[in-house]
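**Student:** Each chain, written out:
Protein chains: 2
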Amino acid sequence: MKKQYLLAPGPTPVPPEVLLAMSAPMIHHRSPDFIPVIQKVRTGLKWLFQTSQEVLTVAGSGTAGMEASISNFMSPGDKIIAVNGGKFGERWLKIAKAFGVNAIEVPVTWGDSVDVAKVEDLLKKDPSIKGVYVQASETSTGVWHDIKSLAQITSRLSGTILVVDAITALGVVDIPMDAWGIDVLITGSQKALMLPPGLAFIAVSEKAWTLNQSAKCARFYLDLKREKDNILKDSNAWTPAVSLWIGLGKALEMMQKEGLENIFARHRMLAQATREGIKGFGLSIFARQSPSDALTAVVAPEGFDGELIYKNLRNQYGITAAGGQDQLKGKVFRISHMGYADVFDIITAISGVEMVLARMGYKGAPLGSGVARAQAVMIGQ
Amino acid sequence: MKKQYLLAPGPTPVPPEVLLAMSAPMIHHRSPDFIPVIQKVRTGLKWLFQTSQEVLTVAGSGTAGMEASISNFMSPGDKIIAVNGGKFGERWLKIAKAFGVNAIEVPVTWGDSVDVAKVEDLLKKDPSIKGVYVQASETSTGVWHDIKSLAQITSRLSGTILVVDAITALGVVDIPMDAWGIDVLITGSQKALMLPPGLAFIAVSEKAWTLNQSAKCARFYLDLKREKDNILKDSNAWTPAVSLWIGLGKALEMMQKEGLENIFARHRMLAQATREGIKGFGLSIFARQSPSDALTAVVAPEGFDGELIYKNLRNQYGITAAGGQDQLKGKVFRISHMGYADVFDIITAISGVEMVLARMGYKGAPLGSGVARAQAVMIGQ
Numbered sequence: 054m055k056k057q058y059l060l061a062p063g064p065t066p067v068p069p070e071v072l073l074a075m076s077a078p079m080i081h082h083r084s085p086d087f088i089p090v091i092q093k094v095r096t097g098l099k100w101l102f103q104t105s106q107e108v109l110t111v112a113g114s115g116t117a118g119m120e121a122s123i124s125n126f127m128s129p130g131d132k133i134i135a136v137n138g139g140k141f142g143e144r145w146l147k148i149a150k151a152f153g154v155n156a157i158e159v160p161v162t163w164g165d166s167v168d169v170a171k172v173e174d175l176l177k178k179d180p181s182i183k184g185v186y187v188q189a190s191e192t193s194t195g196v197w198h199d200i201k202s203l204a205q206i207t208s209r210l211s212g213t214i215l216v217v218d219a220i221t222a223l224g225v226v227d228i229p230m231d232a233w234g235i236d237v238l239i240t241g242s243q244k245a246l247m248l249p250p251g252l253a254f255i256a257v258s259e260k261a262w263t264l265n266q267s268a269k270c271a272r273f274y275l276d277l278k279r280e281k282d283n284i285l286k287d288s289n290a291w292t293p294a295v296s297l298w299i300g301l302g303k304a305l306e307m308m309q310k311e312g313l314e315n316i317f318a319r320h321r322m323l324a325q326a327t328r329e330g331i332k333g334f335g336l337s338i339f340a341r342q343s344p345s346d347a348l349t350a351v352v353a354p355e356g357f358d359g360e361l362i363y364k365n366l367r368n369q370y371g372i373t374a375a376g377g378q379d380q381l382k383g384k385v386f387r388i389s390h391m392g393y394a395d396v397f398d399i400i401t402a403i404s405g406v407e408m409v410l411a412r413m414g415y416k417g418a419p420l421g422s423g424v425a426r427a428q429a430v431m432i433g434q
Numbered sequence: 054m055k056k057q058y059l060l061a062p063g064p065t066p067v068p069p070e071v072l073l074a075m076s077a078p079m080i081h082h083r084s085p086d087f088i089p090v091i092q093k094v095r096t097g098l099k100w101l102f103q104t105s106q107e108v109l110t111v112a113g114s115g116t117a118g119m120e121a122s123i124s125n126f127m128s129p130g131d132k133i134i135a136v137n138g139g140k141f142g143e144r145w146l147k148i149a150k151a152f153g154v155n156a157i158e159v160p161v162t163w164g165d166s167v168d169v170a171k172v173e174d175l176l177k178k179d180p181s182i183k184g185v186y187v188q189a190s191e192t193s194t195g196v197w198h199d200i201k202s203l204a205q206i207t208s209r210l211s212g213t214i215l216v217v218d219a220i221t222a223l224g225v226v227d228i229p230m231d232a233w234g235i236d237v238l239i240t241g242s243q244k245a246l247m248l249p250p251g252l253a254f255i256a257v258s259e260k261a262w263t264l265n266q267s268a269k270c271a272r273f274y275l276d277l278k279r280e281k282d283n284i285l286k287d288s289n290a291w292t293p294a295v296s297l298w299i300g301l302g303k304a305l306e307m308m309q310k311e312g313l314e315n316i317f318a319r320h321r322m323l324a325q326a327t328r329e330g331i332k333g334f335g336l337s338i339f340a341r342q343s344p345s346d347a348l349t350a351v352v353a354p355e356g357f358d359g360e361l362i363y364k365n366l367r368n369q370y371g372i373t374a375a376g377g378q379d380q381l382k383g384k385v386f387r388i389s390h391m392g393y394a395d396v397f398d399i400i401t402a403i404s405g406v407e408m409v410l411a412r413m414g415y416k417g418a419p420l421g422s423g424v425a426r427a428q429a430v431m432i433g434q
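Listed in order, the protein sequences are those of chains Z and S.
Residue numbers for the first sequence, in the working numbering: 54 to 434.
Residue numbers for the second sequence, in the working numbering: 54 to 434.
Hints in this document: simulated from the structure, not taken from any laboratory.
Be careful, since some hints might not be right.
[Unchecked claim] In silico PhoX-like pairs for lysine-lysine, Cα to Cα no more than 25 Å straight-line:
| id | chain 1 | residue 1 | chain 2 | residue 2 |
| --- | --- | --- | --- | --- |
| 1 | Z | LYS140 | S | LYS281 |
| 2 | S | LYS384 | S | LYS364 |
| 3 | S | LYS93 | Z | LYS364 |
| 4 | S | LYS56 | Z | LYS286 |
| 5 | Z | LYS150 | S | LYS269 |
| 6 | S | LYS140 | Z | LYS286 |
| 7 | S | LYS147 | Z | LYS281 |
| 8 | Z | LYS278 | Z | LYS132 |
| 9 | S | LYS201 | Z | LYS147 |
| 10 | Z | LYS364 | S | LYS140 |
| 11 | S | LYS269 | Z | LYS269 |
| 12 | Z | LYS93 | S | LYS278 |
| 13 | S | LYS281 | S | LYS364 |
| 14 | S | LYS281 | Z | LYS382 |
| 15 | S | LYS278 | Z | LYS140 |
| 16 | Z | LYS384 | S | LYS286 |
| 17 | Z | LYS382 | S | LYS140 |
All values reported here derive from a predicted model rather than from experimental measurement.
Could you put together the complete structure from these sequences and hints?
**Tutor:** Below you can see the structure in the form of structure tokens.
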């Protein structure tokens, strides 16, 4: 018997109530049985996205949402800015290339947050730029980009949209779409929404819908206008992933019961406790300036392999965190504190890291020193 | 208390064993926990598709599979033949248009099966046609198209692929991909595979992979080459719909236990019993020549509204069948006998139709006459 703990930045644990809801017998998506599910989801997603716009749901991974945010608003040859500070920032460039869109890269050193002035400068120099594409929380580095400031810039421009990949951000941190003036806001099911992977969500501002009218990139399955026309009639363009929708209704109900402010405060506290716990054990956080409250990328101490720490957490203690991706492989490991997470998940994570590293010969700090710091944050000391 | 019966042509009922498997705690798709799931699914899908090729799985509806079958093998301006004998045949034309592909329509009167000689003739006249796109089972009409004969034609042509939408056909009827020489074979999760909607499957022949190398249609999320490169390493290009994959492993296990021949024989018998039962009650089948074994489209008797029959089945007896789509709305209703279905589902369907129509004033045949004919087929009389 070994209990399993899922502490990876997606998929995150699914609450038993949601698993149970998804285990009900199948219903037909075009029958009256599904209407209450759609209505509950429509209302709940608008609440979560803090928008008066419809939030569109497609069967697909987060990448489907990212692709839709390019193909539905741009034409081949159009210019966009792509903020690239990690594996998911890179993906904007790859998608743009696949669709013939001309992406101007704003490279950001992995671990740093984007320099907003650089983006502003580019937009000033070239008013033909139609979109700024950025992650809110870059999952590969655990960095938070300053979305609010970017939105202040783009919302003054009539022909430039701000597209935010909030896949590990929405439902973690306050990102009020309408209040900030975000144009396209994307998330996925398997992060703060506490669902299995398989759904992507995209909300679209009026400004972006205007761009949509002239956007010529090829699209069919991910045609958001078609989804909007359907959801307004409590319907879907294509067969929806019924069981995930039902689970989504339940997860939104749980989130609404907790309340947005409480959700954000919980994530802030858990993230803070994790970072302090990690530092209390003598380790450092990879995000130098602006760490995300969704996950923490921890720098493997000198002489210790991050991949081995990840493996030992799994094999010795049943904890599935995440390793580093691409250039960070072996250099960091990542702990999620997003979604269905509470204080004891963080205690588990920190104490697990302590025991694993102690067994590997790490002498940087005594056992329990990280846990104690995390506990202090948790009780507000 | 009213028991519910799902007899629609997708989603179809999900077996309790599959629901249970999908209710397990979430696991991470890049951890070793998921490898056995991937391996089981790879083996099972090859078996089901009767192919030595990898079967590629994407998070999306069946339409995602249809789009991928165009965007991965064609370039803008390329010519294809689209067999259009129903709502799903029409979809080829719409997808081709969205990607700038030049689709030559072979129109088929709804309810009829494609005239294979017409397709052969077009291919002879224009060797530049790169693909023939067709449904095996057209879900809107309940018609079966002669895939084997089409494959005999296209397999002689080195530059023309046969793309078969087998969304309501695979796992119902014998469609041996490799033996017949089908180039792209598509299905979805919510039909004979007995899963919730949310997965599309695409298998690709060597001939089609050759076309893929020069295909210039825009694609990223549905890039099949990327999925192939990943699945060969027991991985996925993007985050897979983990719970659906786990359910898929269980469903494939159940199907393998039953065996392909038994699965096909069961569907043949249930389809035959349904058709005979319907005729035994004095009604007629919409598919005039070549009915599909996946579902039966029943013509509403003169003076009776098909939509009302559908609604009464639901409201009076808890049976969710399906109405007619587009031009068939009100004219037919559709009963599925696909996936997790046995003789008593058919008895339920036929007796439900009898009771509903009798209550609506239908006098074409006595109550029980359809059931008796269906029973006779079931016991081989």
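**Student:** Next, verify each hint and record whether it holds.
**Tutor:** Hints, verified against the model:
no. : hint                : in the structure
1   : Z/LYS140 x S/LYS281 : 21 Å, holds
2   : S/LYS384 x S/LYS364 : 13 Å, holds
3   : S/LYS93 x Z/LYS364  : 24 Å, holds
4   : S/LYS56 x Z/LYS286  : 28 Å, violated
5   : Z/LYS150 x S/LYS269 : 12 Å, holds
6   : S/LYS140 x Z/LYS286 : 20 Å, holds
7   : S/LYS147 x Z/LYS281 : 18 Å, holds
8   : Z/LYS278 x Z/LYS132 : 22 Å, holds
9   : S/LYS201 x Z/LYS147 : 39 Å, violated
10  : Z/LYS364 x S/LYS140 : 50 Å, violated
11  : S/LYS269 x Z/LYS269 : 16 Å, holds
12  : Z/LYS93 x S/LYS278  : 38 Å, violated
13  : S/LYS281 x S/LYS364 : 44 Å, violated
14  : S/LYS281 x Z/LYS382 : 23 Å, holds
15  : S/LYS278 x Z/LYS140 : 20 Å, holds
16  : Z/LYS384 x S/LYS286 : 23 Å, holds
17  : Z/LYS382 x S/LYS140 : 48 Å, violated
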